[in-house]
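Trainee: Each chain, written out:
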Amino acid sequence: MSETKTPATATGEIAADETLEETIWKEKVSLLDRIPRAISMAFVFAVFIGLWHIATSLGLVSPIILPTPAETLKDIIFVGKNLFSGGYMLPALWITILEVIYGFILAVAIGFSLGVLVGETVFGERAIMPYLVAIDTMPKVAFAPLFVAWLGFGIESKVALAAFIATFPIVVGTAAGLHSADENARMLFKTMGATRMQTLLKMKLPMALPQIFTGLKIGAVGVMAGAITGEFLGGGKGFGELIRVAASQLNTPRVFSLILYLSLLGLALYALVTWAQRRVVFWQKSTAAMNND
Amino acid sequence: MISEAPATQSASTADVYSLTQVGKTYARNQVVALQDVSLTLKQGSFSSVIGSSGCGKSTLLKIMAGLIPPSTGRVELQGEPVTGPRRDIGMMFQQATLFPWRNTLENIVLPIEIRDGRDAAKKAQERAHKLLDVVGLTGFDNVYPNELSGGMAQRASICRMLITEPAVLLLDEPFSALDELSRDMMNMELQRICTEQQATAFLVTHSISEAVILSDDIYVMKPRPGRLAEVVSVDLPRPRTLDMITTPKFGSIVDYIRGMLDKGEAL
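If you read the sequences in order, they're chains A and B. Sequential numbering of the first sequence, starting at 1, is according to the numbering used here. Sequential numbering of the second sequence, starting at 294, is according to the numbering used here.
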């Protein structure tokens, strides 16, 4: 046994045994797991770009199918300049933004109302829910031509499709949230002699908020998909039309950069909902809100 | 068969709550959940009901709270028949059920807000502060429930129960979700609060020792059909202390009740 110096004890209370053989050991954490998040992400990104670069520069893929990363970046900058200097792409983006905003507002209004109807009333649950489930299982994009036929080639048909797609998750979130009130809370409100409206406003709805926001987030993703699909299938002057035209001209770098800016728009909407959730459902801060992101 | 509730001992203390031949049959499956239950709660007394699960304890409590109607019999609180939830009935559950979007003070005045509106709730805040002092939560009025421990949350829910100044407190296994140490402590707190407020309390519990340490009268229930088997009077001196748990008298009462519950099991 080698003589090692025992470290000085921090407090005097513990009598330091000179011959104490300490069993301090380190937990094993693999090298990969110790890399910080930012570096890990940057690493994966670099590998992706590297592979992309190799694939294109060696001529493994046709430039029409896949442009080089450099070309794509160049086009991203070009589109960015066009957008920020008020070029012809800006009105297109604006149209798509309007479609998304109107679609989302419509989806929230309809989805929330239907959700309360279905979640709060037995009649709604029995009579309306089955139809909602039935419609929800349909591929909603298939309704796009109908919306075009009904509402024309303008912004209305896109708004309708976007709202149509985004409504269902909001209905489901609201209804499920209203059902999530536990038995104790219901009983407590009963003993306090609360009216149905009081129970709904002061207990069930606040309790439903986390699930309502989950529905809103799914809806926010759906509304983007709806607006772009609507533009693909119903023409118009939005960003989806720019993508369609670029794709038909085999301008692949343009398609890539347009998709990138679209995803920024989607991200912004998602972030907005998440921000609102943090503020409104403030008590959920430390738990589910974090896990969801 | 069914021994009567302790025959009216003296007229000095008034009956606050009385049940006369109360029964409950669930029509849907013809199950007799409760049969011929008669009991009276005297002003300032602490009573418990104990029995195995499925003996109709919670049905009894729900009837007493005015949450469900009885099928037979008469339920009367302060001379008025109970036909629904009432302001003078306070209730507490196994879970504190505080609402996380309201701070402690707002949770406590919730019953007032529901019954009398926001203005009345504002006015009740002063009393809520006093109640917080009573339960030892001074200074926690602005704290949100997420930051309260289980015992603290139950203290807050005691305040919420007391804010309407109820004539009877119905306690549905209020501390059974707490760990044993907190539970013992909260039971002693409950005793102190009930004494201070001169409250009439009715406790549903699974724990024999909890019932014995807190109660003046213990109603032992038996299942199928749910009925009162016997009333055990606990004549340990008040205030009760946790030390009493080790006394022979305490032990003999616990043994007696346990024996009775085991018999119920064999039936």
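Where hints are given, some of them may not hold.
[Unchecked claim] Cross-link-like lysine-lysine pairs, in silico, DSSO-like; alpha carbons within 27 angstroms at most:
no.: 1; chain 1: B; residue 1: K416; chain 2: A; residue 2: K202
no.: 2; chain 1: A; residue 1: K217; chain 2: A; residue 2: K140
no.: 3; chain 1: A; residue 1: K190; chain 2: B; residue 2: K415
no.: 4; chain 1: B; residue 1: K423; chain 2: A; residue 2: K190
no.: 5; chain 1: A; residue 1: K202; chain 2: B; residue 2: K415
no.: 6; chain 1: A; residue 1: K217; chain 2: A; residue 2: K202
no.: 7; chain 1: A; residue 1: K202; chain 2: B; residue 2: K423
no.: 8; chain 1: B; residue 1: K556; chain 2: B; residue 2: K542
no.: 9; chain 1: B; residue 1: K416; chain 2: A; residue 2: K190
no.: 10; chain 1: A; residue 1: K74; chain 2: A; residue 2: K190
Calculated from the structure, these hints are not laboratory results. Everything numeric in this text was worked out from a predicted model, so none of it was measured.
Trainee: Tell me, which hint numbers fail for this structure?
Mentor: As far as the earlier hints go, only 10 is violated by this structure.
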